[in-house]
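Asker: Residue 284 is where the sequence shown ends in the numbering used here, and the numbering goes up by one at each step.
These are calculated hints, taken from the structure and not from any lab test. The model shown is predicted, which means the values in this text are computed figures rather than measured ones. Positions of the beta carbon are idealized from the N, C-alpha and C atoms, including for glycine. Check each hint, because a few of them may be wrong.
DSS-like, lysine-lysine: derived pairs with alpha carbons at most 27 Å apart [as the list claims (entries may be wrong)]: (1) Lys215 with Lys160; (2) Lys19 with Lys282; (3) Lys64 with Lys21; (4) Lys282 with Lys58; (5) Lys64 with Lys54; (6) Lys50 with Lys26; (7) Lys160 with Lys224; (8) Lys6 with Lys194; (9) Lys54 with Lys21; (10) Lys282 with Lys181; (11) Lys157 with Lys8; (12) Lys106 with Lys76; (13) Lys50 with Lys6; (14) Lys76 with Lys19; (15) Lys255 with Lys157; (16) Lys194 with Lys224; (17) Lys8 with Lys181; (18) Lys181 with Lys21; (19) Lys26 with Lys282; (20) Lys6 with Lys26; (21) Lys282 with Lys64; (22) Lys157 with Lys6.
Between beta-carbon pairs, the in silico distance windows are [stated by the list, open to error]: (23) Pro69 with Ser190: 34 to 42 Å; (24) Lys28 with Gly155: 49 to 57 Å; (25) Lys106 with Ser44: 18 to 26 Å; (26) Lys181 with Pro252: 27 to 35 Å; (27) Asp104 with Lys181: 31 to 39 Å; (28) Pro100 with Lys28: 38 to 46 Å.
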Amino acid sequence: MAELLKGKPVAAGLTELSKAKAEELKSKGVIPTLAIVRVGENPSDLSYEKGALKRAEKTGVAVKQVVLPPDISQEKLIEEISRINEDDSIHGVLMFRPLPEYMDEKTVCEALAPEKDMDGITSGSMAGIFMDSDVGYPPCTAAACMAILNHYGIGLKGSKVTVMGRSLVIGKPVAMMAMRKNATVTVCHSRTRKEDFAQAGRDADIVIAALGRAKMIGSDKLGKNQVIIDVGINVDEEGNLCGDVDFAEVEPLAKAITPVPGGVGGVTTAILMKHVVEAAEKTL
Numbered sequence: 001m002a003e004l005l006k007g008k009p010v011a012a013g014l015t016e017l018s019k020a021k022a023e024e025l026k027s028k029g030v031i032p033t034l035a036i037v038r039v040g041e042n043p044s045d046l047s048y049e050k051g052a053l054k055r056a057e058k059t060g061v062a063v064k065q066v067v068l069p070p071d072i073s074q075e076k077l078i079e080e081i082s083r084i085n086e087d088d089s090i091h092g093v094l095m096f097r098p099l100p101e102y103m104d105e106k107t108v109c110e111a112l113a114p115e116k117d118m119d120g121i122t123s124g125s126m127a128g129i130f131m132d133s134d135v136g137y138p139p140c141t142a143a144a145c146m147a148i149l150n151h152y153g154i155g156l157k158g159s160k161v162t163v164m165g166r167s168l169v170i171g172k173p174v175a176m177m178a179m180r181k182n183a184t185v186t187v188c189h190s191r192t193r194k195e196d197f198a199q200a201g202r203d204a205d206i207v208i209a210a211l212g213r214a215k216m217i218g219s220d221k222l223g224k225n226q227v228i229i230d231v232g233i234n235v236d237e238e239g240n241l242c243g244d245v246d247f248a249e250v251e252p253l254a255k256a257i258t259p260v261p262g263g264v265g266g267v268t269t270a271i272l273m274k275h276v277v278e279a280a281e282k283t284l
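Can you build the whole structure from these sequences, using the hints too?
Answerer: Shown next as C-alpha cells:
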C-alpha cells in the first residue's frame with residue numbers, strides 16, 4: 001500500500017510559518033495584503049476565492065476583493081490593475097482566469113507588476129523561474145507540488161522526474177523548479193509518441209501528472225515503487241472528483257501518491273499566502 005501524501009499537514013505547516021511572519025510584519029507596521037481580482041461570477045473562481053479567504057484569515061493576511069462586472073472592457077480592467085500596481089498597501093494580486101473571450105488575456109496579464117504577481121501569470125514571473133531570480137512568484141499549483149515533496153522528505157537531487165503536461169500553469173514551471181533541485185527532468189505532452197510517453201513514465205522515480213484528463217494515467221504508463229504527484233482535478237463518469245491518475249489501479253504499485261481530492265489542491269492557497277507574506281517582507 002502506497003503512502004498517502006496528504007495536503008492538509010503540508011498546508012497547515014506552511015500556514016503556521018506564514019502566520020508567524022505576518023505577525024512580525026504587523027509589529028513593524030506592515031499588514032500583508034492580497035487583492036483578489038475577479039471578473040464576473042464563475043463558480044470555480046468563487047469556490048477558490050472562498051478557500052483563499054479562509055486561508056487568509058488563518059494566516060493573518062488582509063484581502064481586498066475587487067469584483068468587476070462580466071462585461072467590463074479590457075481598458076477598464078487594465079486601469080483597475082494599474083491602480084492596484086500603484087497602491088503600496090497591496091503587496092500581492094491574484095487575478096482569476098480565464099478572462100472573457102473578447103479580452104486579450106496576455107495583454108491584461110502583462111499590465112500587472114511582476115513583483116505583485118502571486119500566481120505566475122506575467123512574463124516577468126516566468127523569467128524569474130527560468131533564470132532562477134526572485135522576480136515575481138511561480139504559479140501556486142506548481143509550488144504546491146514542490147512543497148509536498150519537501151514536506152514528506154522526498155529528495156529531488158539525482159532523481160528522474162517525469163512531468164506529464166507542459167502548460168505554463170504547472171508543467172513548464174514545475175519542470176524548471178525540479179531541475180533547480182538537481183533532478184533530471186523529462187517532459188511529456190499530448191504530442192509525445194505513445195511509446196515514449198509510457199517509457200518516460202515507467203523510467204521515472206517521481207511522476208508529476210498535470211494533463212487535465214480524468215484517470216488518463218494508468219499502470220500501463222507507470223512503473224513500480226514510484227512517487228506520484230497528481231495535480232489533476234476532474235470529474236469522472238459517476239460525478240466524483242478524481243485526478244489525472246487512475247488512483248485505484250496505480251496506488252497498489254506506487255511508493256507514495258497524492259490523493260484527489262485532499263492532495264495538491266489543498267496546498268495552493270497556503271502557497272498563495274506564503275507568496276503574499278514574502279512580497280510584504282520585500283517592502284521592508
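Asker: Are any of the numbered hints broken by this structure? If so, which, sorted upward?
Answerer: Violated: hints 8, 14, 20, 24.
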